[in-house]
Amino acid sequence: MATHHAPVIVWFRKDLRIDDNAALAAAAETGRPVIPLYILEPAEAGTGPLGAAQRWWLHHALAALAGNLSGLGAPLVLRSGPADAILDALIAETGADTIHWNRRHDPPGTAIDRAIKASFKARGLAAISFAGQLLHDPTRLLTGDKKPFRVYTPFWKALERAGEPDEPIDPPARLVALSEAAASERLEDWRLTPARPDWAARFREVWTPGEAAARDRLEAFVNGAIDGYGTNRDRPALDATSMLSPYLALGEISPARIWHATRGLDAPTGDLVHFRKELAWREFCYHLHFHFPALAEKNWNDRFDAFPWKERGEAFTLWTRGLTGYPIVDAGMRQLWRHGWMHNRVRMIAASFLIKHLMIDWRHGEKWFRDTLVDADAASNAANWQWVAGSGADASPFFRIFNPILQGEKFDPDGSYVRRFVPELENLDAAWIHKPFAAPEAALKSAGVDLGRTYPKPIVDHGRTRERALAAFKALKAD
Numbered sequence: 004m005a006t007h008h009a010p011v012i013v014w015f016r017k018d019l020r021i022d023d024n025a026a027l028a029a030a031a032e033t034g035r036p037v038i039p040l041y042i043l044e045p046a047e048a049g050t051g052p053l054g055a056a057q058r059w060w061l062h063h064a065l066a067a068l069a070g071n072l073s074g075l076g077a078p079l080v081l082r083s084g085p086a087d088a089i090l091d092a093l094i095a096e097t098g099a100d101t102i103h104w105n106r107r108h109d110p111p112g113t114a115i116d117r118a119i120k121a122s123f124k125a126r127g128l129a130a131i132s133f134a135g136q137l138l139h140d141p142t143r144l145l146t147g148d149k150k151p152f153r154v155y156t157p158f159w160k161a162l163e164r165a166g167e168p169d170e171p172i173d174p175p176a177r178l179v180a181l182s183e184a185a186a187s188e189r190l191e192d193w194r195l196t197p198a199r200p201d202w203a204a205r206f207r208e209v210w211t212p213g214e215a216a217a218r219d220r221l222e223a224f225v226n227g228a229i230d231g232y233g234t235n236r237d238r239p240a241l242d243a244t245s246m247l248s249p250y251l252a253l254g255e256i257s258p259a260r261i262w263h264a265t266r267g268l269d270a271p272t273g274d275l276v277h278f279r280k281e282l283a284w285r286e287f288c289y290h291l292h293f294h295f296p297a298l299a300e301k302n303w304n305d306r307f308d309a310f311p312w313k314e315r316g317e318a319f320t321l322w323t324r325g326l327t328g329y330p331i332v333d334a335g336m337r338q339l340w341r342h343g344w345m346h347n348r349v350r351m352i353a354a355s356f357l358i359k360h361l362m363i364d365w366r367h368g369e370k371w372f373r374d375t376l377v378d379a380d381a382a383s384n385a386a387n388w389q390w391v392a393g394s395g396a397d398a399s400p401f402f403r404i405f406n407p408i409l410q411g412e413k414f415d416p417d418g419s420y421v422r423r424f425v426p427e428l429e430n431l432d433a434a435w436i437h438k439p440f441a442a443p444e445a446a447l448k449s450a451g452v453d454l455g456r457t458y459p460k461p462i463v464d465h466g467r468t469r470e471r472a473l474a475a476f477k478a479l480k481a482d
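Everything in the sequence shown is counted per my numbering, starting at 4 for the first residue and increasing by one.
A few of these clues could be false.
Claimed, not checked - Derived lysine to aspartate or glutamate pairs resembling EDC-like cross-links, with alpha carbons at most 20 Å apart: (1) 438 / 412; (2) 301 / 314; (3) 313 / 470; (4) 438 / 417; (5) 438 / 427; (6) 280 / 167; (7) 120 / 140; (8) 460 / 427; (9) 438 / 464; (10) 280 / 140; (11) 160 / 274; (12) 460 / 429.
These aren't lab readings, by the way, just hints derived from the structure by calculation.
Using the sequences plus the hints, can you model the full thing?
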């Protein structure tokens, strides 16, 4: 049984913040000593992606969280290993009899939590879970038939009907610490950041991990870019999106805090709704992943199991390096490598190119993004790749094949985005920036472009590969 004096463990996972953290706030309210804990769980636990780029982010996010918790009076304890063993050891060391956590909704993590709760209950210990990672509860927000949603629009309407989320919780003023701090591993010893070479060096041009930076991003967005968001969010050269996705991925800011920050804004209604729908799309992805745990491994629509995918080979390598010969695709893939992030419109273009022009299985792209994105998210990554592939829930039809030339001309009309990330083409006239392979020789020479040497020729022909993909899809439907 829990006592009035025994410490409370607060187990941080993908909620690396002190603001709007229900588990932490409830522990502080007990007046008992609080042990903030982060466990670096083994990969085989399967509790979500932790690719190389996100490991870099995690290092800095944990350093920021540790500083915030120290400011409240309780140091962050770092341990690595299986969660159940770590928790049992910490309980034995400290006499803690209660653990708080905010619920995670990835299926492997949920299974681990369920087992730990059962074990604690059997031993007379308390394991109390709280909401906070999502605006909705996937077990409760269901269709009229009490089934999971499979289509986004009805999901969005149901989320709207559910009303405004609870008011975000302010961080506690202080925490009571143990009289003798629990032993902690050193963050540096986890080697989450690259050293030789430091391929993440340029991440710092764009990103500052940590809760304070997340709040700064939110404030800047609601006071600026949200005005015009509905249109400008598709323009990769503009600073027109919230850039909050990496902070959401590791919980340095809560979706409720973001949602409430948009209330009462002067932004046009359309812009506000567009932004909230992006938050709701994240919720929908989690809803799908919760109810379809194999979302990253299996086609939602099993008809696609028979699709005639090509081997990865050299084409996949050239795609990852941004050397396809299609500038908007190459700019996106190089942005991903340079900054660990890619503009959402370009993510769709690059994903469509891999799946439909190269006919490479979407799962290979999903894994590459999982390893290279600082905002890698098990639910969103899998659901969005399946959306582009046409195999997912409420997916874009497979026959919707993005033309990388027209997409570039429409959303990067003067070529600013391409010039930034594909400097070989920076002097090329805007008329040819998205199709250098069609440019007159004089235009190429004037811009210092030597196709096949300074910039690659297209690795595939758009028209022919489009027809090939459509024929494969037609044959699939006929089976």
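Hint-by-hint comparison with the structure:
Taking the CA atoms of residue 438 and residue 412, the gap is near 9 Å; set against the 20 Å cutoff, the hint holds. A threshold of 20 Å between alpha carbons decides the hint, and for residue 301 with residue 314 the separation of about 18 Å falls inside it, so the pair holds. Straight-line distance between C-alpha atoms of residue 313 and residue 470 comes to about 15 Å, which keeps the hinted pair within the 20 Å bound. Taking the CA atoms of residue 438 and residue 417, the gap is near 13 Å; set against the 20 Å cutoff, the hint holds.
Taking the CA atoms of residue 438 and residue 427, the gap is near 13 Å; set against the 20 Å cutoff, the hint holds. Between residue 280 and residue 167, the direct Cα distance comes to roughly 14 Å. Compliance with the 20 Å bound is thereby established for this hinted pair. Our distance criterion of 20 Å between C-alpha atoms is met by residue 120 and residue 140, whose separation comes to about 19 Å. Restraint check: the Cα-Cα separation between residue 460 and residue 427 comes to about 13 Å, which is no more than 20 Å; the hinted pair holds.
Annotation: proposed proximity of residue 438 to residue 464 holds, straight-line Cα distance about 12 Å (limit 20 Å). Proposed proximity of residue 280 and residue 140 is supported: the alpha carbons are some 17 Å apart, at most 20 Å. Note on residue 160 and residue 274: the hinted pairing holds, with a Cα-Cα distance of about 17 Å set against a maximum of 20 Å. Only pairs whose Cα atoms come within 20 Å are accepted, and residue 460 paired with residue 429 is accepted, the gap being roughly 16 Å.
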